[in-house]
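S.K.: Using the sequences and the accompanying hints, generate a full structural model.
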Amino acid sequence: MSSRPAPLQFHKMHGAGNDFVLIDARANAHSGAQVFDPRRASRIADRHLGIGCDQILVLRDARRAGCRLRYEIWNADGSPAGQCGNGARCVGLYLELSGETDAGPFTLESPAGPVTLTRCADGEYEVVMGEPDFRPEAVPLSLPMTLAAREGRSGLGRYGLDSPWGPLELGAVSMGNPHALLLVDDIGDPRIPEMGAWIGTHAAFPAGCNAGFAQVLGPETIRLRVVERGAGETLACGSGACAAVAILRRWGRVGDTVDVLLPGGLLVIKWPEADGPVAMKGPAEHVFRGSMNE
Numbered sequence: 106m107s108s109r110p111a112p113l114q115f116h117k118m119h120g121a122g123n124d125f126v127l128i129d130a131r132a133n134a135h136s137g138a139q140v141f142d143p144r145r146a147s148r149i150a151d152r153h154l155g156i157g158c159d160q161i162l163v164l165r166d167a168r169r170a171g172c173r174l175r176y177e178i179w180n181a182d183g184s185p186a187g188q189c190g191n192g193a194r195c196v197g198l199y200l201e202l203s204g205e206t207d208a209g210p211f212t213l214e215s216p217a218g219p220v221t222l223t224r225c226a227d228g229e230y231e232v233v234m235g236e237p238d239f240r241p242e243a244v245p246l247s248l249p250m251t252l253a254a255r256e257g258r259s260g261l262g263r264y265g266l267d268s269p270w271g272p273l274e275l276g277a278v279s280m281g282n283p284h285a286l287l288l289v290d291d292i293g294d295p296r297i298p299e300m301g302a303w304i305g306t307h308a309a310f311p312a313g314c315n316a317g318f319a320q321v322l323g324p325e326t327i328r329l330r331v332v333e334r335g336a337g338e339t340l341a342c343g344s345g346a347c348a349a350v351a352i353l354r355r356w357g358r359v360g361d362t363v364d365v366l367l368p369g370g371l372l373v374i375k376w377p378e379a380d381g382p383v384a385m386k387g388p389a390e391h392v393f394r395g396s397m398n399e
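Counting in the working numbering, the sequence shown runs from 106 upward without gaps.
Calculated directly from the structure, the hints in this document are not laboratory data.
Listed next, with one range per pair, are the computed distances between beta-carbon atoms:
1. P245 with P368: 24 to 32 Å
2. R144 with S268: 30 to 38 Å
3. T306 with M397: 26 to 34 Å
4. R169 with R240: 18 to 26 Å
5. P272 with S203: 44 to 52 Å
Where is the CB? At the ideal position from N, CA and C, for every residue including glycine.
M.R.: Encoded structure:
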């Protein structure tokens, strides 16, 4: 007589519409919480056959001293991810709701390294995401810089890419995960999902990339859409918002504090020092908890 494993306990959460299935493997009896692989992750993330989400967050005991816990990030297609700012805020809220932490600051161990969270007076969370890395080998990226970039003019950090839509000029940076950014005149351009998927899988980005499209409304406000690697276009991408502000500030288009308007809501990004970490402030919501038989 065989016994079925205990149901997989989970929490459904979102940050500005970027939605997650959070699984606390520290206290979850289900074997699936202990051993994750691409097949299991993609099944859980399936919006028709599973729970449905953009990413899965799996909480585990910390390995680094000074961190409350560590967490894995799995994309909807089953691939692992290195960083997720919206996910970090959701982990912070989960710890608050479970009584494991106060307003902070406190540090979590993400796949890309430590991130520090603070609960703000308005109930949102600020996350210190780390320092942007513009080195091509860090992204990684294999594209030639534009002529203006090579000559040290205002095009610094711009790269040229031939595409089915004509020549593109983009920026690239690592926020613990790879990002590309293009400026657009109309954030509602219907080509963005197709262009983002094409850029995200281009051979110039050997590890793939998250493709952002930004419309600059002024030095303190931009509109942004992101087609995420492994998940497609999402309602919000925290690391993508940080990457966009870092690139645009480097290009001289925005200041050190920027409101980033995403389809799912507002994120406030601060980069006060060009050689320091980027901070992101935004909402986190607990939607429901449940269990899933596998």
